[in-house]
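Enquirer: Keeping their order, the protein sequence lines are chains R and B.
If you use the working numbering, the first sequence corresponds to residues 48 to 513, in order.
If you use the working numbering, the second sequence corresponds to residues 10 to 374, in order.
It should be emphasised that the hints constitute simulated quantities derived from the structure, not laboratory data.
The beta-carbon is built from N, C-alpha and C at its ideal position, and this holds for glycine as well.
One thing to keep in mind: the hints can contain errors.
Derived CB-CB ranges, DEER-like [to be verified]:
#	chain 1	residue 1	chain 2	residue 2	range
1	R	A363	B	L45	40 to 48 angstroms
2	B	A355	R	K178	53 to 61 angstroms
3	R	A363	B	F353	30 to 38 angstroms
4	R	K427	B	G31	44 to 52 angstroms
5	R	E471	B	L158	53 to 61 angstroms
One letter stands for each residue in the lines below.
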Amino acid sequence: MPGCQGVKVEAGVSPALCRNCKSQDKPGNLPRFAPQSTFSELGGGLDDTITHITQPITELGYFFSEVIMKKTIPILCVLLLLVVSACQAASTASPQPTTTTETSGGIATPEANSQLPITIRYAKGFTLEYKDNYKILTVTQPWAGAEQAFTYVLVPRGSEPPAEVSSALIVEVPVHSFVAMSTTYFPFLENIGKLDALVAVDDATYIYNPSVREKAASGEIAVVGGGMGGPSANIERLLELDPDVIMTSASGIPELDVYPKLQEVGLPVVINGDYLEQTPLGRAEWGIFIAAFFDLEQQASQQFDALVQRYEEVSALAANVQERVTVFTNTDYQGTWYMPAGESYAAILLKDAGAEYLWADQPGTGALPLSFETVFERAKDADFWLNPGFAASLQDLLAMDARYAEFKAFQTGQVFNYNARVTEAGGMDYFESGVANPDMILKDLVKIFYPELLPDYDLYYYQQLK
Amino acid sequence: MHATPTPEVPQSPAPPASRNPGRIGLFIVLLLILALVFVASLSLGSVSIPLREVVRILTGEPALKESWGTIVLDFRLTKSITAVLVGGALSLAGLQMQTMFRNPLADPFILGVNSGASLGVALVVLSLGTAGTALLAGLGTLGDLSLALAASVGAGLVLALILLVGQRVKNPTTLLIMGLMFGYAASALTSLLIYFSRPERIQAYTIWSYGSFSGVTWNQLRVMAPVILVGLGVAILLTKPLNALLLGEDYARSMGLNVKQARFFILLSASLLAGTVTAFCGPIGFIGVAVPHLCRNLLRSADHKVLIPAVILVGAIAALVADAIAQLPGSQYVLPINVVTSLFGAPFVIWVLIRQRRGATSFTV
Numbered sequence: 048m049p050g051c052q053g054v055k056v057e058a059g060v061s062p063a064l065c066r067n068c069k070s071q072d073k074p075g076n077l078p079r080f081a082p083q084s085t086f087s088e089l090g091g092g093l094d095d096t097i098t099h100i101t102q103p104i105t106e107l108g109y110f111f112s113e114v115i116m117k118k119t120i121p122i123l124c125v126l127l128l129l130v131v132s133a134c135q136a137a138s139t140a141s142p143q144p145t146t147t148t149e150t151s152g153g154i155a156t157p158e159a160n161s162q163l164p165i166t167i168r169y170a171k172g173f174t175l176e177y178k179d180n181y182k183i184l185t186v187t188q189p190w191a192g193a194e195q196a197f198t199y200v201l202v203p204r205g206s207e208p209p210a211e212v213s214s215a216l217i218v219e220v221p222v223h224s225f226v227a228m229s230t231t232y233f234p235f236l237e238n239i240g241k242l243d244a245l246v247a248v249d250d251a252t253y254i255y256n257p258s259v260r261e262k263a264a265s266g267e268i269a270v271v272g273g274g275m276g277g278p279s280a281n282i283e284r285l286l287e288l289d290p291d292v293i294m295t296s297a298s299g300i301p302e303l304d305v306y307p308k309l310q311e312v313g314l315p316v317v318i319n320g321d322y323l324e325q326t327p328l329g330r331a332e333w334g335i336f337i338a339a340f341f342d343l344e345q346q347a348s349q350q351f352d353a354l355v356q357r358y359e360e361v362s363a364l365a366a367n368v369q370e371r372v373t374v375f376t377n378t379d380y381q382g383t384w385y386m387p388a389g390e391s392y393a394a395i396l397l398k399d400a401g402a403e404y405l406w407a408d409q410p411g412t413g414a415l416p417l418s419f420e421t422v423f424e425r426a427k428d429a430d431f432w433l434n435p436g437f438a439a440s441l442q443d444l445l446a447m448d449a450r451y452a453e454f455k456a457f458q459t460g461q462v463f464n465y466n467a468r469v470t471e472a473g474g475m476d477y478f479e480s481g482v483a484n485p486d487m488i489l490k491d492l493v494k495i496f497y498p499e500l501l502p503d504y505d506l507y508y509y510q511q512l513k
Numbered sequence: 010m011h012a013t014p015t016p017e018v019p020q021s022p023a024p025p026a027s028r029n030p031g032r033i034g035l036f037i038v039l040l041l042i043l044a045l046v047f048v049a050s051l052s053l054g055s056v057s058i059p060l061r062e063v064v065r066i067l068t069g070e071p072a073l074k075e076s077w078g079t080i081v082l083d084f085r086l087t088k089s090i091t092a093v094l095v096g097g098a099l100s101l102a103g104l105q106m107q108t109m110f111r112n113p114l115a116d117p118f119i120l121g122v123n124s125g126a127s128l129g130v131a132l133v134v135l136s137l138g139t140a141g142t143a144l145l146a147g148l149g150t151l152g153d154l155s156l157a158l159a160a161s162v163g164a165g166l167v168l169a170l171i172l173l174v175g176q177r178v179k180n181p182t183t184l185l186i187m188g189l190m191f192g193y194a195a196s197a198l199t200s201l202l203i204y205f206s207r208p209e210r211i212q213a214y215t216i217w218s219y220g221s222f223s224g225v226t227w228n229q230l231r232v233m234a235p236v237i238l239v240g241l242g243v244a245i246l247l248t249k250p251l252n253a254l255l256l257g258e259d260y261a262r263s264m265g266l267n268v269k270q271a272r273f274f275i276l277l278s279a280s281l282l283a284g285t286v287t288a289f290c291g292p293i294g295f296i297g298v299a300v301p302h303l304c305r306n307l308l309r310s311a312d313h314k315v316l317i318p319a320v321i322l323v324g325a326i327a328a329l330v331a332d333a334i335a336q337l338p339g340s341q342y343v344l345p346i347n348v349v350t351s352l353f354g355a356p357f358v359i360w361v362l363i364r365q366r367r368g369a370t371s372f373t374v
């Protein structure tokens, strides 16, 4: 699911990329991520942006790894699908998630902190455990293919850290000051009423949230750099701010990541892996991860349960449609059309919205580097064209490539992009609050595909290109 | 393949050689290969279309499937014509640069033209915020020529600088270094833009930098083809000065050549060719360096009278073959063209050079 407007090249931006990349405001973020990471949804094109653009061998390696993955993984994928669907079936069967069962993500022990333990149902990248008087958050997948987990021990303010976890980062909770190195954390903070705790961001240019943007402009919120690939972190400023926690994403390449430097100077840096989740609900569940630092995970969990319910309601609406619409996404970039694979975030959303995604049968969670003619042959008569790069109008699309006019979806005007909410600087809300609101995205999609199902709903993130 | 068994003689480019019947045979073979590869490139692709259908479509008859007609005419034909033009243009520009600078490593982009083009594209693709959007909207009125225009402006600026400097600098090596410096400066500006840009825009820019023949539409070809043909025409007119320059500028001057003027036109045509290609297809590497060497070996000659037509033909063939491989016929995937040229081309050129050791040195005369 790309976003875009403009020239053909620009179109190169794969929406998937954007979406996955939690920190879309940080340049260069994508490159370098291991192929099976969410970034690969972009198609790996970015692989070596940062260092050098023309490193054909790397590209080829990347390409082949994509292909090979695709060939060897189907079986694994099927297994995974079975497991996932089993889990989901299980969780649907027991709608009360606050019971103390152990599921895919979190382990919870009862009666800790007089709080009801929380079960992590969809997110695969972290676990939450309750001990006698403290909590343990473990990020099991800090970056794609990581073999190392990161553990954070959250102790009540003023209490002694437990001896058995001395090697982990100890954070006294609730935290009062929070540094966000990705805009995707804002909606989660807002949901629990803690946006005020935000004291610094990495870069203010592409922020959509109006209040954060204003505060960053007025200097109330500091801009400290440190986003992946972007300007490096202003360590001195961070030391001066002395925040309770700094949250960032990581690529696993120490030279590109900010966390090793912050760790070195003793700053409390926490890695958030939300962008690695392949399911929209899994991504949204990271709100509980953030809320745990404020001792508000109960509230976040209830909000998440409500979100799941809304998501499933919308999905159920579309589940019974008789005639499914056909959909394709993205645009061509100089002869290569990065199409999200069948198990990617984009494909899952389209499936849940009741559409027949034309590449749903392709295994993999990344993006497929297809030739233009392949896409043309298959999608020429498709009903809908979604996420066409940077395009903000049909004219933009024609400006990228006149051949786009040959698609039926173009001729009938059924082209939609998620750029309805965008700042003048180009900050897109879809990539910011969309992570926390997959139900809204889904609702948009259902409205686009089957407007009669949601007659009174107005598109939120999406708009029809004119 | 070649008929002159005698080793290359370091002296004036051999006039009788061009009348050598073996060479004429070689050119006929090259032309046949080009025709064959061209037809093959029209029938090979991700979507499998029978050759018979391709022929029907080309002759204007309705295809079995409607989409096939569009695929052959709007996708493959444009791509193949582009590949022919690009291959010929880059190889010829590379030959000119290698001769002019008497440097076997020179390529069409040695003077920084592609860095200028890249900067132009980077400005459009990576430019941020409203300014960028406005710029895009303005360019949008040009149809899908906007990006090519941006690249042309960038390449043109560097070209103007080179021509300006070229008229003042006596030593070609100085010019070479200056071109390198222009390139570095333009690359630095591009890097700065990348540094402050958004990931998805960087991706777009990166993909452009991989190079591609597939992005060129008929609309763009209508602009690109005439410019390249003009560039090729100018270059062909420069055959004699190039032969003279082969022996050094002093020698050329003693032969009565206006070196300054010759240099101006060589720079103009080479940069025009390289700049246009980069503007429409992105930076395409390798072909411009490798094909001239390949042809010197093939022909065992440094005479531009035979070399120029040879590099155009071989360059076009090389580009078509590289593109055919990049399309991975039968699969739905594509590879970036620069990957294919370098990965498959480099071993081939090494093999040719080792096999015909003597030829490798022929270019220095």
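Enquirer: So, against the hints stated earlier in the document, which numbers end up violated here?
Expert: Violated hints: 1, 3, 5; rest satisfied.
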